[in-house]
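**Q** In case you want the letters, here they are:
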Amino acid sequence: MSELPGNAERSPGDAPARAAGAEERPAAGAAPSSPGAEWLSVGPDGREWGAQPKWRRDFPIDSPRDEYVARRDFTKFMVLVSLGFVVGQFWILFQNALRRRTGAPPVRRVARADQIPVGGSLVFEYPEPGRSAVLVRLAGGRFVAFDQSCTHLQCPVLAQVDRGRFYCPCHEGIFDLETGRPVAGPPERPLTRVLIEERGGWIYATGIERRTG
Amino acid sequence: MSRRPRFARSQRKAIVTGILCIVLILVVLQLWLLTATMNAFLGGDTDILLPAALASFGCLALNAGLLWYVYSLDR
Chain A
1 MSELPGNAER
11 SPGDAPARAA
21 GAEERPAAGA
31 APSSPGAEWL
41 SVGPDGREWG
51 AQPKWRRDFP
61 IDSPRDEYVA
71 RRDFTKFMVL
81 VSLGFVVGQF
91 WILFQNALRR
101 RTGAPPVRRV
111 ARADQIPVGG
121 SLVFEYPEPG
131 RSAVLVRLAG
141 GRFVAFDQSC
151 THLQCPVLAQ
161 VDRGRFYCPC
171 HEGIFDLETG
181 RPVAGPPERP
191 LTRVLIEERG
201 GWIYATGIER
211 RTG
Chain B
1001 MSRRPRFARS
1011 QRKAIVTGIL
1021 CIVLILVVLQ
1031 LWLLTATMNA
1041 FLGGDTDILL
1051 PAALASFGCL
1061 ALNAGLLWYV
1071 YSLDR
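Chains A and B, in that order, are what the protein sequence lines are.
For the first sequence, my numbering assigns the number 1 to the initial residue and increments by one for each residue that follows.
For the second sequence, my numbering assigns the number 1001 to the initial residue and increments by one for each residue that follows.
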């Protein structure tokens, strides 16, 4: 509490004098005679210093001043938080620029169409090595493919074709098998769709489609 | 020679409390902006990234101005 007035002048031997000095403070409601006098204060319970217990008189804290400084410092801290959010926003912009530089994902051959039975699924790496996607053959022979990362916290989802869903075992997230849209659990965004084409009996992954809803 | 503050301490405390409330509202707005922007970015919607960043920067500028005013009360 370096901002307490008079701290510099006080010494440990002043304690009794300080209690008596409470009488020097302006009476309640009296206008302070100088800027310094304005900062002379009362205890946290609103009573004059003379009426405060000894422990509080021995360790005086200017409570109103303390509250003022605490709120001012908290305001400063919140402005720093505000700066952090702006840094986050520009970090997203930077990541978006990086994503644009990488360009469109490559066209990649995934599997032969007859290799996957109806109701079967195949995990493959797309668009880059180490990033897995899952290809599913629906009833009727149609193929769908999605990025295997759950849109909640990136756990790999499992294709449960017989139940018509993708299931994330980490937090019980469930996605519709045909559309990849979230059905239950914490995920709010649909799975990233992998665009596929069938050419000459082969399945090709040709791109990805990120979606917000 | 010390200059007498413009406002009494009780007035300054009220001003700081009011400014703190405004700053808190702006920070919550920025938090919402950041989460909405991140959701849009991960979902492939990149149109709102720049306007959201500029809006957040505007909030920061407002907050910094209010903080400057708070500190000017003590000068």
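Simulated from the structure, these hints should not be mistaken for lab results.
Heads up, the beta-carbon is just placed ideally off N, CA and C, and yes, glycines get one too.
You may find that some hints are simply not true.
Have a look at the derived ranges for each label pair, beta carbon to beta carbon [stated by the list, open to error]:
{"hint": "1", "chain 1": "B", "residue 1": "Leu1054", "chain 2": "A", "residue 2": "Ala111", "range": "21 to 27 Å"}
{"hint": "2", "chain 1": "B", "residue 1": "Pro1051", "chain 2": "A", "residue 2": "Pro169", "range": "33 to 39 Å"}
{"hint": "3", "chain 1": "A", "residue 1": "Arg112", "chain 2": "B", "residue 2": "Pro1051", "range": "45 to 51 Å"}
{"hint": "4", "chain 1": "B", "residue 1": "Asp1074", "chain 2": "A", "residue 2": "Pro169", "range": "54 to 60 Å"}
{"hint": "5", "chain 1": "B", "residue 1": "Gly1058", "chain 2": "A", "residue 2": "Lys54", "range": "38 to 44 Å"}
{"hint": "6", "chain 1": "B", "residue 1": "Gly1058", "chain 2": "A", "residue 2": "Arg181", "range": "33 to 39 Å"}
{"hint": "7", "chain 1": "B", "residue 1": "Trp1068", "chain 2": "A", "residue 2": "Ala184", "range": "16 to 22 Å"}
{"hint": "8", "chain 1": "B", "residue 1": "Pro1051", "chain 2": "A", "residue 2": "Pro53", "range": "23 to 29 Å"}
**Q** Is the hinted range of 38 to 44 Å satisfied by the C-beta distance from B:Gly1058 to A:Lys54?
**A** The hinted range 38 to 44 Å is violated for B:Gly1058 and A:Lys54, with Cβ atoms some 53 Å apart.
**Q** Given the hint of 21 to 27 Å, is the C-beta distance from B:Leu1054 to A:Ala111 inside that range or not?
**A** 46 Å Cβ-Cβ, so the 21 to 27 Å window is violated.
**Q** Are B:Pro1051 and A:Pro53 spaced within 23 to 29 Å by their CB atoms?
**A** 58 Å, violated
**Q** Could one say that the CB atoms of B:Gly1058 and A:Arg181 fall in the range 33 to 39 Å?
**A** Between B:Gly1058 and A:Arg181, where Cβ atoms are some 35 Å apart, the hint holds.
**Q** I want to verify a distance hint. Is the separation of the beta carbons of B:Pro1051 and A:Pro169 within 33 to 39 Å?
**A** Since B:Pro1051 and A:Pro169 have Cβ atoms about 38 Å apart, the given range 33 to 39 Å holds.
**Q** Do the beta carbons of A:Arg112 and B:Pro1051 sit within 45 to 51 Å of each other?
**A** Given a distance of about 46 Å, which is inside 45 to 51 Å, the answer is holds.
**Q** Can the suggested window of 54 to 60 Å be confirmed for the beta-carbon pair B:Asp1074 and A:Pro169?
**A** 57 Å, holds
**Q** Should the hint that B:Trp1068 and A:Ala184 are 16 to 22 Å apart at their CB atoms be regarded as holding?
**A** Violated, at about 49 Å.
Going down the numbered hints, you'll see the structure goes against 1, 5, 7, 8, while the others check out.
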